[in-house]
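Student: Knowing the structure of chain A, use the given hints to seat chain B on it.
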Amino acid sequence: MSEAKRLAIISWHGTLDAAYPPLILATAAVAMDMDAAIFFTFYGLEILKKGNADKLQVAPIANPAMPQPVPGIPVPNILGVLPGMTAVATGMMNGWMKKANVAKVSELLALAQESSVRLIACQMSMDVMGIKKEDLIDGVEIGGAATFLQFASQDAIALSF
Amino acid sequence: MDVQVDSTLDCSGMACPMPILKTKKAVDALQVGQVLKMIATDPGSVSDVESWAAKTGHTLLGHEKDGAKFVFFIKRAK
Numbered sequence: 245m246s247e248a249k250r251l252a253i254i255s256w257h258g259t260l261d262a263a264y265p266p267l268i269l270a271t272a273a274v275a276m277d278m279d280a281a282i283f284f285t286f287y288g289l290e291i292l293k294k295g296n297a298d299k300l301q302v303a304p305i306a307n308p309a310m311p312q313p314v315p316g317i318p319v320p321n322i323l324g325v326l327p328g329m330t331a332v333a334t335g336m337m338n339g340w341m342k343k344a345n346v347a348k349v350s351e352l353l354a355l356a357q358e359s360s361v362r363l364i365a366c367q368m369s370m371d372v373m374g375i376k377k378e379d380l381i382d383g384v385e386i387g388g389a390a391t392f393l394q395f396a397s398q399d400a401i402a403l404s405f
Numbered sequence: 427m428d429v430q431v432d433s434t435l436d437c438s439g440m441a442c443p444m445p446i447l448k449t450k451k452a453v454d455a456l457q458v459g460q461v462l463k464m465i466a467t468d469p470g471s472v473s474d475v476e477s478w479a480a481k482t483g484h485t486l487l488g489h490e491k492d493g494a495k496f497v498f499f500i501k502r503a504k
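Listed in order, the protein sequences are those of chains A and B. Just remember that the working numbering sits 244 ahead of the position in the first sequence, which is counted from 1. Just remember that the working numbering sits 426 ahead of the position in the second sequence, which is counted from 1.
Since the hints were derived computationally from the structure, they do not count as laboratory data. Glycine included, each C-beta is placed from N, C-alpha and C at the ideal position. Every clue listed holds true.
One side only, chain B facing chain A, incomplete, derived with CB under 10 Å:
| id | residue |
| --- | --- |
| 1 | 439 |
| 2 | 442 |
| 3 | 448 |
| 4 | 449 |
| 5 | 451 |
| 6 | 474 |
| 7 | 481 |
In isolation and in its complexed conformation, chain A is listed as follows:
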């Protein structure tokens, strides 16, 4: 079997927890002498919106994996519907990431651009969601399914988040 030389990732969730894996894996892939591309489609475009990378949120509702705010005191998942709970969960997650010294999403995005990870924004999703090129950070490519597939069809690992 030939060795993969490319990492092709689809990023289609605009939540804080879903933004990390594509950026971590893509930057690591380039550090391992691979080429990497991330195709941002539907809500994944939120990650590319100007000034938005560090405002992404994570929802506690329907996310039973979310650790309890106070260890040992279970909070029913249904409480996630209460106003402000998404902000609470987001604050918690940002807190853990900071404590563990994990880079911010904006920092990983900048590193990805610096290391020539191809950031491809889905044209069709942009049209559907009313997002213009100038709404996105500079240096993003605009493309469609064929752009991603052409990259992903040669010696690539393909992942979706």
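Tutor: Okay, now just chain B, sitting in the frame of chain A:
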């Protein structure tokens, strides 16, 4: 480890994927045959540096543990 070190990189406190990204840059800055000493505190770096070396073809001469720190010696191979 008894090896001549040409450059040192301290990744203490950094989390994945930063030690690997910084290591790649530091090794690229070396001449072929030169050795980088990289220090990390992320326990995942032991497996990650080994995998990074296997994939990129650079030589992990060895690593040692110094208290809470992991110290790697990496030779630029190409």
